[in-house]
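Okay, here's what each chain looks like letter by letter:
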Amino acid sequence: MANINISCIAIIGKQNNPLFIKNFNPSHADLKYHYIAHTSCDVMEERATMKAQDMYLGVLFSMEDLSVYGYMTNTKIKFITVLTVPDVIIKDLDMKNIFRRIHAAYVNHASNPFYEIDSEKMIKSKKFEQEIEAIGRGRALEGGNRNSLPATAP
Amino acid sequence: MTKQYKTLGDDIWKNKVEKINAELFTLTYGSIVAQLVKDYEDFTEVNKQLEKMGYNIGTRLIEDFLARSGVGRCQDFRETAEMVSKVGFKMFLNITPAVTNISADGREFSLVLDENPLAECVELPDQALVDELWYSNILCGVLRGSLEMVQMQVDAFFVTDTLRGDDMTEIRVKLIRYLEEEVPAGED
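Line by line, the protein sequences are chains A and B.
Its first residue numbered 1270, the first sequence is counted upward by one per residue in my numbering.
Its first residue numbered 194, the second sequence is counted upward by one per residue in my numbering.
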């Protein structure tokens, strides 16, 4: 896998409420990522109606040195990955892989009976944070994950 | 002796038991606990209710167990422990907890579960950690109910639980007494 630099991973809920934002790049303020996540919502809704079948929405937009990728599930949960633009071209397959892992982490977390899915509160779970951290820093998934989504064809 | 129970348990699990989807099972149990927490708001009460539910399940489950396994009486409490672990748990949950810490007089033992299908993907809320919620307490009730139906009065309770941050999940089972058949009043 090419050396992808993930700057931020954000998760937005059904009502466009923020569920989780994790900043991996200290050179940008957290607030900037909140702003990016917010702008992405509208773009994603628009793209989703256009693109029909696929959950992966590709590049939403670019600004300065950052490019924003989106992925929306059928339950209207949106995952956003912000990358610092690298030298090489990023393959769709790599991004789909990253989103698949984020999706699997989210599904594992949603299976917790004590987590209220529609509560509009931010996700506060140490295990979930650790998993997202591992994805963001490019480390391999630990073996303990029960749910692992199958790889879909590109 | 232990090997024979293990083979018996494996055989029953493979051939005589209908299976369901594990996630459905885990989510169902999870929603029971979550609903009890919402209804009672007191974690000691939730523990009690789970134990009561388990007791009701246990009194019925023992009939199913005896019918499917066809085993006879156990000679002593140690044998009971092995039977529960290698055949009972295997048959209903497909796990074999280890039997440890058998007391000197043979009236107490511990079951150490290295995996717990009831608690997959579960994270306890902070308040539950403070107030001692035993998430899988239904198992203690099942043990108490089923053993009571075979004339053993036991006390079963959780000692540690990985959900609460401990290293392992351990249930302690203590034999209180054997229940003798009592002659109904009015007969000589």
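Note that these hints are calculated values from the structure, not bench results.
Among the hints, a few may not be true.
No farther apart than 30 Å at their CA atoms in a straight line, the calculated lysine-lysine pairs in the DSSO-like style are these [stated by the list, open to error]:
#1 B:Lys-241 x B:Lys-367
#2 A:Lys-1301 x A:Lys-1365
#3 B:Lys-209 x A:Lys-1396
#4 B:Lys-245 x B:Lys-367
#5 B:Lys-231 x B:Lys-209
#6 A:Lys-1390 x A:Lys-1360
#7 A:Lys-1365 x A:Lys-1291
#8 B:Lys-199 x A:Lys-1396
#9 B:Lys-241 x A:Lys-1393
#10 B:Lys-199 x A:Lys-1393
#11 A:Lys-1393 x A:Lys-1365
#12 A:Lys-1395 x B:Lys-207
#13 A:Lys-1393 x A:Lys-1291
#14 B:Lys-199 x B:Lys-209
#15 A:Lys-1390 x A:Lys-1291
#16 B:Lys-196 x A:Lys-1345
#17 A:Lys-1283 x B:Lys-245
#18 A:Lys-1395 x B:Lys-231
#19 A:Lys-1390 x A:Lys-1345
#20 A:Lys-1390 x B:Lys-209
Here are some chain B residues the structure puts well away from chain A; computed CB gaps all over 12 Å [unchecked claim]:
#21 Asp-203
#22 Gln-228
#23 Val-264
#24 Gly-265
#25 Cys-314
#26 Val-315
#27 Asp-319
#28 Tyr-328
#29 Met-361
Facing chain A, according to a computed beta carbon distance under 8 Å, are these residues of chain B, among others [said to hold, decoys possible]:
#30 Leu-229
#31 Gly-263
#32 Pro-318
Glycine included, C-beta positions come from ideal geometry on N, C-alpha and C.
Hint by hint, here is what the structure shows:
Our distance criterion of 30 Å between C-alpha atoms is met by B:Lys-241 and B:Lys-367, whose separation comes to about 18 Å. Between A:Lys-1301 and A:Lys-1365 the alpha-carbon distance is near 24 Å, which keeps this suggested pair within the 30 Å criterion. Of the supplied pair hints, the one linking B:Lys-209 and A:Lys-1396 is violated, its CA atoms being roughly 38 Å apart against a limit of 30 Å. With a C-alpha separation of about 18 Å, the suggested pairing of B:Lys-245 with B:Lys-367 holds against the 30 Å cut-off.
With a C-alpha separation of about 38 Å, the suggested pair B:Lys-231 and B:Lys-209 falls outside the 30 Å cut-off, and the hint is violated. Pair hint A:Lys-1390 plus A:Lys-1360 does not hold up; C-alpha atoms about 34 Å apart against a cutoff of 30 Å. For the suggested pair A:Lys-1365 and A:Lys-1291, the alpha carbons sit about 19 Å apart, so the restraint of at most 30 Å is met. Distance restraint check for B:Lys-199 and A:Lys-1396: the Cα-Cα separation of roughly 35 Å exceeds the 30 Å cut-off, and the hinted pair is therefore not satisfied.
With a CA separation close to 28 Å, the supplied pair B:Lys-241 and A:Lys-1393 stays within the 30 Å bound. Distance check on the hinted pair: B:Lys-199 and A:Lys-1393 sit about 42 Å apart at the alpha-carbon level, beyond 30 Å; violated. Proximity of A:Lys-1393 to A:Lys-1365 is assessed by CA-CA distance (about 25 Å); at most 30 Å being required, the pair is judged to hold. This hinted pair does not check out: A:Lys-1395 and B:Lys-207 have alpha carbons roughly 38 Å apart, beyond 30 Å.
Distance check on the hinted pair: A:Lys-1393 and A:Lys-1291 sit about 12 Å apart at the alpha-carbon level, within 30 Å; holds. Straight-line distance between C-alpha atoms of B:Lys-199 and B:Lys-209 comes to about 15 Å, which keeps the hinted pair within the 30 Å bound. Taking the CA atoms of A:Lys-1390 and A:Lys-1291, the gap is about 15 Å. The hint holds against a cut of 30 Å. Distance check on the hinted pair: B:Lys-196 and A:Lys-1345 sit about 52 Å apart at the alpha-carbon level, beyond 30 Å; violated.
The suggested pairing of A:Lys-1283 with B:Lys-245 is violated, with an alpha-carbon distance near 39 Å, which exceeds 30 Å. With a C-alpha separation of about 23 Å, the suggested pair A:Lys-1395 and B:Lys-231 falls inside the 30 Å cut-off, and the hint holds. Taking the CA atoms of A:Lys-1390 and A:Lys-1345, the gap is near 16 Å; set against the 30 Å cutoff, the hint holds. Distance check on the hinted pair: A:Lys-1390 and B:Lys-209 sit about 46 Å apart at the alpha-carbon level, beyond 30 Å; violated.
Every C-beta of chain A lies more than 12 Å from that of B:Asp-203, the closest at about 23 Å, which supports listing it as non-interface. For B:Gln-228, the non-interface assignment is contradicted: its Cβ lies about 9 Å from the closest Cβ of chain A, within the 12 Å cut-off. The beta carbon of B:Val-264 sits about 33 Å from the closest Cβ of chain A, which is more than 12 Å, so the claim that it is off the interface holds. The non-interface label for B:Gly-265 is consistent with chain A: the shortest C-beta to C-beta separation is roughly 38 Å, beyond 12 Å.
Some Cβ of chain A comes within 12 Å of the Cβ of B:Cys-314; the nearest lies about 4 Å off, and the non-interface call is violated. Once the 12 Å rule is applied to beta carbons, B:Val-315 is inconsistent with being away from chain A; the minimum gap is 6 Å. Its closest Cβ contact with chain A, about 9 Å, brings B:Asp-319 to no more than 12 Å, contrary to its assignment away from the interface. With a least CB separation of 9 Å from chain A, B:Tyr-328 falls inside the 12 Å interface cut-off, contrary to its annotation.
Every beta carbon of chain A lies more than 12 Å from that of B:Met-361, the smallest distance being close to 16 Å; the non-interface claim holds. Contact between B:Leu-229 and chain A, as hinted, is not supported at the beta carbon level, the nearest pair being about 10 Å apart and thus beyond 8 Å. Violation of the interface hint for B:Gly-263 is found here, the shortest Cβ-Cβ separation to chain A being roughly 34 Å, above the 8 Å cut-off. Interface restraint check: B:Pro-318 against chain A, minimum CB-CB distance 5 Å, threshold 8 Å, status holds.
When the structure is compared with the earlier hints, violations turn up for hints 3, 5, 6, 8, 10, 12, 16, 17, 20, 22, 25, 26, 27, 28, 30, 31 and for no others.
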